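Undergrad: Residue numbers (our numbering), protein chains in the order written: chain A, 139 to 342; chain B, 173 to 407.
Keep in mind the hints are simulated off the structure, nothing from the lab. A hint or two may mislead.
Here are a few chain A residues that face chain B, going by a calculated C-beta distance under 8 angstroms [said to hold, decoys possible]:
no.	residue
1	Arg215
2	Glu216
3	Leu228
4	Ala231
In this text the structure is predicted, and so the values were computed from the model without any measurement. Where is the CB? At the ideal position from N, CA and C, for every residue including glycine.
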Amino acid sequence: MSIFEYNGSAVVAMVGKNCFAIASDRRLGVQLQTIATDFQRISKIHDRVFIGLSGLATDVQTLYQRLVFRHKLYQLREERDMKPETFASLVSAIIYEKRFGPYLCQPVIAGLGEDDKPFICTMDSIGAKELAKDFVVSGTASESLYGACEAMYKPDMEAEELFETISQALLSSVDRDCLSGWGGHVYVVTPTEIKERILKGRMD
Amino acid sequence: MGDSQYSFSLTTFSPSGKLVQIEHALTAVGSGQTSLGIKASNGVVIATEKKLPSILVDEASVQKIQNLTPNIGVVYSGMGPDFRVLVRKSRKQAEQYLRLYKEPIPVTQLVRETATVIQEFTQSGGVRPFGVSLLVAGYDDKGPQLYQVDPSGSYFSWKASAMGKNVSNAKTFLEKRYTEDMELDDAIHTAILTLKEGFEGEVSSKNIEIGKIGADKVFRVLTPAEIDDYLAEVE
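Use the sequences and the hints to build the structure in full.
TA: Right under this line is the structure:
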């Protein structure tokens, strides 16, 4: 079994009309055994930038801590929040520093940029950025997620419809993956508010 | 640098609490050619005297005002070779920032990092402080900005400032002439008039240098022909 599949994960982000949604599953496993059903894979960097990390859980946590550290220093020095594109470049650079002994995670970054334009991107574990206009996926359930998103996504959805779409895509994909699931954690972010919701799906 | 017999700092405190080496560095700056900068409502202009040691020097090859990034420029008073070293270091820092964040470095950040380098040379073994004061002019998301950096490493944001030989006359002149809503072209005229104040001889496009940046966010050194145009307007 690949080390990327050791803990199991599913992360997806989607672009809507002046908003974005980012969602993950909640299972933390050690191969076939489920250890926790409330593992947090998505974290807020600041009110307009979120990062979801799939892959090995220890690296998920460490990488998140390092990124928060860098962002807090940036905020203090520059007296402003990082733009999502800038943050993505930073993540890519930090990951590439470990090119020959990488963090075993795949980040998904989602944020609202200038003029409230939503921004999403993903990268592999050594920092190759992949920008997308519609959705990005990552984790053990990524193949199912690609299929579900491609079928369900349409552009310029409002926040509520985006929430429904991303939730359905996530739940149906993790049901096809034994290593991810146990519910979902969805953030829908608009210029005015951040809505966090927990989904109850098949708890297996 | 720290493994020789000079691993102690040459810049040490005097009993009165001053760093004498920095005072001497400021004296070196004060005997350098006058330079000045003015922040307008829609841009920044920096200018300097360009008095060459002999008429045989090819003045086109001498450029005292330099770009640090496409939207930040710098001029100095003091020792030219020290200036070159700082320009090189600052350009590298700006490029490193760009490489990391894929975003051009804000003016304040570049000034702070340059000032940090200058400060390091006042507290390291075997080195002397830089004998230059810099005037950094830039235009970024926060608008037009003008900063002065001293040999001690302290930096200040100015609406208008001068350095070098004629500093007190120039500053008095600027205090009288400066207005908050000045536009870039007015600022260039004022800069030329300020340089004229303490100039020995006739000001021409061959013995002054002017750099400007406007809302287009491109820092540019004016050509001698453009300087001649401004000089004609000033007459």
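Undergrad: Out of the numbered hints, which ones does the structure contradict?
TA: Those not satisfied: there are none.
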